[in-house]
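What follows is the residue order along each chain.
Number of protein chains: 2
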Amino acid sequence: MPATAVPKSKDFMEWYNEVVEVAELTDKRYPIKGMNIWRPYGQRIMSRIDQFTRAEMERTHHDEVSFPLMIPEKLFMKEADQIKGFGSEVFWVTHAGDNPLPDGERWVVRPTSECAMYEIFPLWIRSHGDLPLTTYQICNVFRYETKQTRAFMRVREIHFFEDHSVFADEKTAREHVELDLAIVRNVYDKLALPALTSKRPDWDKFPGAVDSTGADVVMPSGRTLQCATVHYYGTNFAKAYGMKYESATEGHQFCHQTTYGMSERLVGAVVGCHGDDNGLILPPDIAPFQVVIVPVLFKGTDEAVLAACRTVRDRLVAAGFRVELDERNKSSGEKYYHWELRGVPLRLEVGPKDVEKKSVFAARRDMGKEGKKAIPMDALEAGVRESLAAIQKTLHDKQAAFVATRVKHPKTLDEAKALDAEAAKTPVGYIFTMAICSDVCAASVEKGMDIKTLGVPAGVDKAQNVGGTCAVCGKHAKDTLRFARTY
Amino acid sequence: MPATAVPKSKDFMEWYNEVVEVAELTDKRYPIKGMNIWRPYGQRIMSRIDQFTRAEMERTHHDEVSFPLMIPEKLFMKEADQIKGFGSEVFWVTHAGDNPLPDGERWVVRPTSECAMYEIFPLWIRSHGDLPLTTYQICNVFRYETKQTRAFMRVREIHFFEDHSVFADEKTAREHVELDLAIVRNVYDKLALPALTSKRPDWDKFPGAVDSTGADVVMPSGRTLQCATVHYYGTNFAKAYGMKYESATEGHQFCHQTTYGMSERLVGAVVGCHGDDNGLILPPDIAPFQVVIVPVLFKGTDEAVLAACRTVRDRLVAAGFRVELDERNKSSGEKYYHWELRGVPLRLEVGPKDVEKKSVFAARRDMGKEGKKAIPMDALEAGVRESLAAIQKTLHDKQAAFVATRVKHPKTLDEAKALDAEAAKTPVGYIFTMAICSDVCAASVEKGMDIKTLGVPAGVDKAQNVGGTCAVCGKHAKDTLRFARTY
Numbered sequence: 001m002p003a004t005a006v007p008k009s010k011d012f013m014e015w016y017n018e019v020v021e022v023a024e025l026t027d028k029r030y031p032i033k034g035m036n037i038w039r040p041y042g043q044r045i046m047s048r049i050d051q052f053t054r055a056e057m058e059r060t061h062h063d064e065v066s067f068p069l070m071i072p073e074k075l076f077m078k079e080a081d082q083i084k085g086f087g088s089e090v091f092w093v094t095h096a097g098d099n100p101l102p103d104g105e106r107w108v109v110r111p112t113s114e115c116a117m118y119e120i121f122p123l124w125i126r127s128h129g130d131l132p133l134t135t136y137q138i139c140n141v142f143r144y145e146t147k148q149t150r151a152f153m154r155v156r157e158i159h160f161f162e163d164h165s166v167f168a169d170e171k172t173a174r175e176h177v178e179l180d181l182a183i184v185r186n187v188y189d190k191l192a193l194p195a196l197t198s199k200r201p202d203w204d205k206f207p208g209a210v211d212s213t214g215a216d217v218v219m220p221s222g223r224t225l226q227c228a229t230v231h232y233y234g235t236n237f238a239k240a241y242g243m244k245y246e247s248a249t250e251g252h253q254f255c256h257q258t259t260y261g262m263s264e265r266l267v268g269a270v271v272g273c274h275g276d277d278n279g280l281i282l283p284p285d286i287a288p289f290q291v292v293i294v295p296v297l298f299k300g301t302d303e304a305v306l307a308a309c310r311t312v313r314d315r316l317v318a319a320g321f322r323v324e325l326d327e328r329n330k331s332s333g334e335k336y337y338h339w340e341l342r343g344v345p346l347r348l349e350v351g352p353k354d355v356e357k358k359s360v361f362a363a364r365r366d367m368g369k370e371g372k373k374a375i376p377m378d379a380l381e382a383g384v385r386e387s388l389a390a391i392q393k394t395l396h397d398k399q400a401a402f403v404a405t406r407v408k409h410p411k412t413l414d415e416a417k418a419l420d421a422e423a424a425k426t427p428v429g430y431i432f433t434m435a436i437c438s439d440v441c442a443a444s445v446e447k448g449m450d451i452k453t454l455g456v457p458a459g460v461d462k463a464q465n466v467g468g469t470c471a472v473c474g475k476h477a478k479d480t481l482r483f484a485r486t487y
Numbered sequence: 001m002p003a004t005a006v007p008k009s010k011d012f013m014e015w016y017n018e019v020v021e022v023a024e025l026t027d028k029r030y031p032i033k034g035m036n037i038w039r040p041y042g043q044r045i046m047s048r049i050d051q052f053t054r055a056e057m058e059r060t061h062h063d064e065v066s067f068p069l070m071i072p073e074k075l076f077m078k079e080a081d082q083i084k085g086f087g088s089e090v091f092w093v094t095h096a097g098d099n100p101l102p103d104g105e106r107w108v109v110r111p112t113s114e115c116a117m118y119e120i121f122p123l124w125i126r127s128h129g130d131l132p133l134t135t136y137q138i139c140n141v142f143r144y145e146t147k148q149t150r151a152f153m154r155v156r157e158i159h160f161f162e163d164h165s166v167f168a169d170e171k172t173a174r175e176h177v178e179l180d181l182a183i184v185r186n187v188y189d190k191l192a193l194p195a196l197t198s199k200r201p202d203w204d205k206f207p208g209a210v211d212s213t214g215a216d217v218v219m220p221s222g223r224t225l226q227c228a229t230v231h232y233y234g235t236n237f238a239k240a241y242g243m244k245y246e247s248a249t250e251g252h253q254f255c256h257q258t259t260y261g262m263s264e265r266l267v268g269a270v271v272g273c274h275g276d277d278n279g280l281i282l283p284p285d286i287a288p289f290q291v292v293i294v295p296v297l298f299k300g301t302d303e304a305v306l307a308a309c310r311t312v313r314d315r316l317v318a319a320g321f322r323v324e325l326d327e328r329n330k331s332s333g334e335k336y337y338h339w340e341l342r343g344v345p346l347r348l349e350v351g352p353k354d355v356e357k358k359s360v361f362a363a364r365r366d367m368g369k370e371g372k373k374a375i376p377m378d379a380l381e382a383g384v385r386e387s388l389a390a391i392q393k394t395l396h397d398k399q400a401a402f403v404a405t406r407v408k409h410p411k412t413l414d415e416a417k418a419l420d421a422e423a424a425k426t427p428v429g430y431i432f433t434m435a436i437c438s439d440v441c442a443a444s445v446e447k448g449m450d451i452k453t454l455g456v457p458a459g460v461d462k463a464q465n466v467g468g469t470c471a472v473c474g475k476h477a478k479d480t481l482r483f484a485r486t487y
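So the sequence lines, in the order shown, correspond to chains A and B. Positions 1 to 487 (this note's numbering) are the ones given, in order, by the first sequence. Positions 1 to 487 (this note's numbering) are the ones given, in order, by the second sequence.
By construction, these hints were calculated from the structure, which means they are not laboratory data. We put the beta carbon where it would ideally sit given N, CA and C, even for glycine. Incorrect hints may appear among the rest.
Straight-line C-alpha distance at most 20 angstroms; calculated EDC-like pairs for lysine to aspartate or glutamate [unchecked claim]:
#1 B/Lys10 x B/Asp277
#2 B/Lys74 x B/Glu105
#3 B/Lys462 x B/Asp189
#4 A/Lys78 x B/Asp277
#5 A/Lys147 x B/Asp103
#6 A/Lys84 x B/Asp98
#7 A/Lys33 x B/Asp277
#8 A/Lys398 x A/Asp204
Example chain A residues on the side facing chain B (calculated, C-beta under 7 angstroms, incomplete) [to be verified]:
#9 Trp38
#10 Gln51
#11 Phe52
#12 Val65
#13 Ser66
#14 Val93
#15 Ala96
#16 Asp98
#17 Pro100
#18 Glu157
#19 Thr412
#20 Leu413
#21 Asp414
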């Protein structure tokens with residue numbers, strides 16, 4: 001029985017829409033479009049990602065805070081670009097109990113927390129000694145999506161991470177942007193997801209930002225999915241919210257700010273990039289269960305096999321692995337199917353012969369027959385550790401290799417169009433990297449190919465920004481730009 | 001310099017309102033009444049409580065889920081008692097972007113999640129094999145409080161824990177209520193808070209419940225604070241939401257349900273019960289920092305002292321303690337004041353003499369001079385562990401002793417009134433435990449003394465429900481009832 005009605009290899013998006021439900025990550029039947037339920041298995045994955053993020057933030061001396069969900073209209077109206085950017089995409093609370101809110105007030109349900117935080121930060125910042133102020137929160141944000149919603153990728157209630165930090169000057173703020181980009185890379189590594197890091201063009205920046213840098217995952221369709229962005233705000237918000245500090249030498253100065261946002265889209269990227277026709281494949285670092293043990297039972301040897309399975313479980317749990325022993329009254333075949341669908345990276349089968357030979361039989365989720373081998377009981381922990389590390393690396397490398405096949409470097413717009421026409425015949429599109437001299441030339445690529453500018457390679461990809469001869473007009477181009485279709 | 005303008009010993013509530021801000025747990029300056037900011041230190045405490053709760057839920061095989069915040073009006077209207085109970089205390093989302101929600105819809109911002117969850121649970125439950133369904137979520141809930149708000153104790157955005165479980169019959173459901181009450185006790189133990197567990201009278205049950213049992217903390221004023229409640233819903237909600245299962249023998253049956261709610265009030269209880277005139281005193285199990293190390297520096301010996309401090313820190317961190325080494329450029333006195341205000345349970349002072357004697361000087365936050373002693377370096381970890389355990393126990397025992405002095409057992413209503421009049425002259429009130437034969441007699445206590453019925457001793461306090469001669473009418477009373485003023 002196939003895991004989904006439509007296999008991934010046939011139609012990625014159809015498969016995606018179905019697999020997120022049959023693998024019990026989410027339930028989309030809640031009666032508000034784009035507000036889905038996190039089922040236990042999905043919740044565990046998201047919690048593990050949050051755990052890593054928290055560990056990274058702790059390591060880099062950020063403090064967790066929690067700001068209110070509701071934002072009074074007058075706070076929301078303080079920064080003009082934000083209103084322009086979010087104004088028609090927010091939900092409004094207008095009533096409490098049986099009456100309108102007092103004094104004609106209305107509250108925005110937070111779409112992001114700038115307005116809520118920056119009203120309070122000035123109360124916490126007096127002098128240079130209060131800076132840097134480095135905070136983050138993990139919360140849900142709300143956006144009135146009018147486009148088609150899609151589990152994890154485009155929803156109206158979004159599980160969200162946001163780092164809001166405040167600095168005395170541009171230099172320290174920009175250094176923090178680099179630190180945040182390094183954290184993004186560490187989190188993506190746990191998900192076995194190499195990404196394209198690009199500085200967005202001016203017309204696609206976050207509302208209110210000076211610079212926005214996104215980390216985009218290349219999905220199996222060749223479209224990119226922005227899962228994390230890091231922004232330098234300059235003094236734009238500081239001026240709107242009166243955020244100043246007293247400098248030792250230069251009087252009152254406006255603060256410089258950075259933010260870094262990341263969302264449940266990471267789960268969508270993991271599902272989309274690593275899964276196959278049999279269901280999910282989860283990177284061991286974030287898998288709720290890294291190992292499932294399936295007893296292979298025959299009459300007469302049941303007890304010895306179950307005892308061996310429990311020993312295996314107890315030893316692996318003691319060694320710190322996340323392990324499930326499936327003792328349900330179902331056939332081995334049903335159990336294989338169940339756990340393959342849910343993407344458990346390593347399955348250990350234990351039957352009477354394995355007990356006899358003092359070993360377990362290990363099957364890697366990311367490989368076929370060639371991924372099966374016996375692990376001797378006296379090297380159980382080391383064997384499992386090695387297998388899991390190999391799976392994590394294989395998933396990462398496989399995705400990196402896929403990205404490499406999708407990124408093309410045409411010299412001219414015509415060449416790009418030809419490649420694009422070729423890709424249009426397949427289900428998988430290309431990302432184009434071209435030397436582009438100006439916004440005008442970038443715009444003609446966008447218009448001529450109906451494509452979006454991801455931006456200039458930045459952060460860890462900085463070295464790829466080499467420039468050259470402009471693919472559109474032939475003049476000298478300082479920058480290399482990436483173009484893609486996006487989710 | 002005192003920690004607060006008004007010491008705890010003089011006016012508990014004034015002190016409370018101030019200490020939550022000066023100890024940097026919360027910021028109440030956000031421009032919506034009752035929606036406060038969790039500052040990093042408060043956030044750390046709440047996170048630790050959540051961690052314990054999660055560990056307890058994991059141990060008892062509950063699955064974490066996450067349901068949407070918004071509840072369509074028509075779902076909310078399904079269970080009549082809930083609407084009666086919450087109808088005028090909820091916030092409504094009516095607009096998205098520039099327009100009203102489509103089709104005249106309105107969404108309730110969740111005040112609790114029954115309506116959201118019970119619309120979906122029937123989709124997850126088909127047969128007896130799908131039961132029990134044991135889930136929980138940690139989220140924020142919203143209530144339109146019109147009374148005076150108070151940090152952690154009465155707010156409009158509430159950090160909330162809710163266990164929603166579904167069973168095949170009353171027996172297993174009621175067993176789960178007992179399990180939940182045991183979990184409540186384990187969590188309260190971590191907070192060094194003994195509680196009074198009482199089954200609420202019918203007129204004070206949760207809207208829609210058959211039975212509600214609350215765990216009330218006795219605050220320094222003698223008023224009680226309900227921080228956790230466990231409910232048996234019978235089939236009330238199951239009937240409203242069509243939640244049935246197919247029994248092996250008896251066809252389709254309505255499910256029985258339980259819930260268990262708990263909130264940030266726990267933080268309020270910890271602050272209120274354990275603090276003193278110098279600020280917070282945090283139980284070691286939930287203290288963000290269990291130990292603070294303060295170097296006592298003199299010219300010439302600075303480096304040796306700092307090196308010793310770092311060794312102490314590294315050893316304690318390696319042993320699993322949460323430790324802060326205060327190397328700020330401030331006087332020892334300022335540092336003592338700072339950490340006492342924040343309630344760090346154990347302070348280690350290290351000066352040149354301590355280095356010489358190969359020991360550290362330990363000061364317990366919960367004691368005066370008699371709590372100071374040297375801990376030899378070669379018994380550092382054991383000495384710290386012992387001190388922290390002693391502090392945890394002392395805080396618990398002190399609160400238990402306090403509760404014992406406040407609970408009175410008058411034989412008659414007149415006796416209760418006399419005790420009450422006596423207590424009215426002091427700042428601290430009594431809780432009364434009396435044999436009461438009927439709702440009518442309970443009502444006359446409530447009315448005659450302007451007091452609330454907490455209910456019949458239940459759960460771990462069950463044995464205290466002995467009954468006797470009714471304190472109001474003199475007839476035989478099966479039950480003992482508790483009465484108190486509440487927050």
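Against the structure, the hints come out as follows:
| no. | hint | in the structure |
| --- | --- | --- |
| 1 | B/Lys10 x B/Asp277 | 9 angstroms, holds |
| 2 | B/Lys74 x B/Glu105 | 9 angstroms, holds |
| 3 | B/Lys462 x B/Asp189 | 18 angstroms, holds |
| 4 | A/Lys78 x B/Asp277 | 41 angstroms, violated |
| 5 | A/Lys147 x B/Asp103 | 18 angstroms, holds |
| 6 | A/Lys84 x B/Asp98 | 12 angstroms, holds |
| 7 | A/Lys33 x B/Asp277 | 52 angstroms, violated |
| 8 | A/Lys398 x A/Asp204 | 30 angstroms, violated |
| 9 | Trp38 | 4 angstroms, holds |
| 10 | Gln51 | 11 angstroms, violated |
| 11 | Phe52 | 16 angstroms, violated |
| 12 | Val65 | 6 angstroms, holds |
| 13 | Ser66 | 4 angstroms, holds |
| 14 | Val93 | 5 angstroms, holds |
| 15 | Ala96 | 4 angstroms, holds |
| 16 | Asp98 | 6 angstroms, holds |
| 17 | Pro100 | 9 angstroms, violated |
| 18 | Glu157 | 6 angstroms, holds |
| 19 | Thr412 | 42 angstroms, violated |
| 20 | Leu413 | 37 angstroms, violated |
| 21 | Asp414 | 41 angstroms, violated |
Checked against the numbered hints above, the structure violates hints 4, 7, 8, 10, 11, 17, 19, 20 and 21; every other hint is satisfied.
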